[in-house]
Amino acid sequence: MLKIAVLSGKGGTGKTTISASLASIIHGCAYVDCDVEEPNGFLFLNPKLDCNEQVLVQVPQIDEQLCNGCGACVRICQFNALALVRGKVLVFPELCHHCGACSLVCEPKAITEIDRSIGNISWSSNSCFFQGRLNIGEPAGIPIIKRLKQEVSKKIDLKAAVFDCSPGASCSVVNSLEGCDYASIVTEPTPFGLHDLKIAVELVREMKIPAGVIINKSGDQDAIIDEYCLAENVPVSLRVPYSRKIAEHYARGILPVEDDEALAISLTELYHSIRGEVCS
Amino acid sequence: MKIAISAKGRQINDSVDMRFGRTEYFILTDENGQLIDVLDNAAQSATGGAGIAAAQAVLDSGADILITGQLGPNAMRVISSASIPAYQAVEGTILENIQAFAAGKLSKITESGPAHAGQR
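Note that the protein sequences, when read in sequence, are chains A and B. Oh and the first sequence: position 116 is 115 in numbering that gives the first Met the number 0, straight run, nothing missing. Oh and the second sequence: position 111 is 110 in numbering that gives the first Met the number 0, straight run, nothing missing.
Hints in this document: simulated from the structure, not taken from any laboratory. None of the hints are false.
In silico SDA-like links for lysine to any residue, alpha-carbon gap of 25 Å or less: (1) Lys87(A) x Pro72(B); (2) Lys9(A) x Pro190(A); (3) Lys107(B) x Asn31(B); (4) Lys87(A) x Ile83(B); (5) Lys87(A) x Tyr86(B); (6) Lys154(A) x Leu44(A); (7) Lys107(B) x Asn12(B); (8) Lys107(B) x Leu38(B); (9) Lys108(A) x Ser80(B); (10) Lys87(A) x Leu38(B); (11) Lys153(A) x Ser121(A); (12) Lys107(B) x Arg85(A); (13) Lys1(B) x Arg85(A); (14) Lys87(A) x Met0(B); (15) Lys87(A) x Gly61(B).
Owing to the predicted nature of the structure, the values given are computational and were not obtained by experimental measurement.
Pulled out of the complex, with its shape left as it was, chain A reads as follows (with noise of 0.2 Å):
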């Protein structure tokens, strides 16, 4: 399976227009929304969202007969998670990060992990669609981007997948980055839009995975992002014009390859370039 990311850095500058546009247009190719804080795919590809799972994380819970108050749960969290209170041991479980430490170093094992579900993954039953969604208030929803991307490995018999992320360069980035061939990286020709792409090319380059820029909302402009990539050596895949007819598509719900023959064209050859530069 060729798995493709799509990031961009700066937000808004249409890593689900060119995600969505790509899995639409290739048979076999799976969209994953790894945008888990505000998942919003699945309003241009409408799935059947028939499939679904809670994502269970291990939390402590403090058995207070057993503890003793020694507060060694306390200063070994990572993630001040836990505090000690007049030898009483109050846990956070919004911060915790599921690690495990505090059980491991509790002497009177006062301390026993239960589950907790910080959100849910979903996905059709023709494994053409899949995203995470993590529940309101929670701070962290890595542990949905891994279930969602092992969940996504399982179908053996797609033939690719493009993986939404969320914007900027975060550990949810990084985890939806993880593993991938290859990353699309779309800006667009705006100060802004530059000073993110800069982040997002470090970042895949520290994860050594090979990267294009799309140039979305492309137009008189460009030349700001040009210099840098040529500067860079990162090629400049695709340029998808500045239009008023996208916006207004977008705005219902319509992806553009949906009447833009120029565009489904390029966005299949990207895609077959890509499978080359991978597989070769």
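Given the structure of chain A, go ahead and fit chain B onto it with the hints provided.
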């Protein structure tokens, strides 16, 4: 009586820091403003749970009273579980706040401020 107060500097004439979890220092004084100790706030650079870690440090210092700008919900839970009364600081120096507290002019913090992360 040991008073802990969030501070921007290490001296009694430095300004109070209205932040709790991300304050630079905690200054510990007695009710007359006599300096007892200064704690560097290790939680200042924490990626998460700064309020909890800072509250733990205040508890561990043996403070009887806390004066600060605002407590987030997590820090509030730790401080109130420990039954440490928290008082709302006013803009000014550490000494001015101690004097205001001694004169009964500071109000108690009974509700937590907005969460920054890690809490609903």
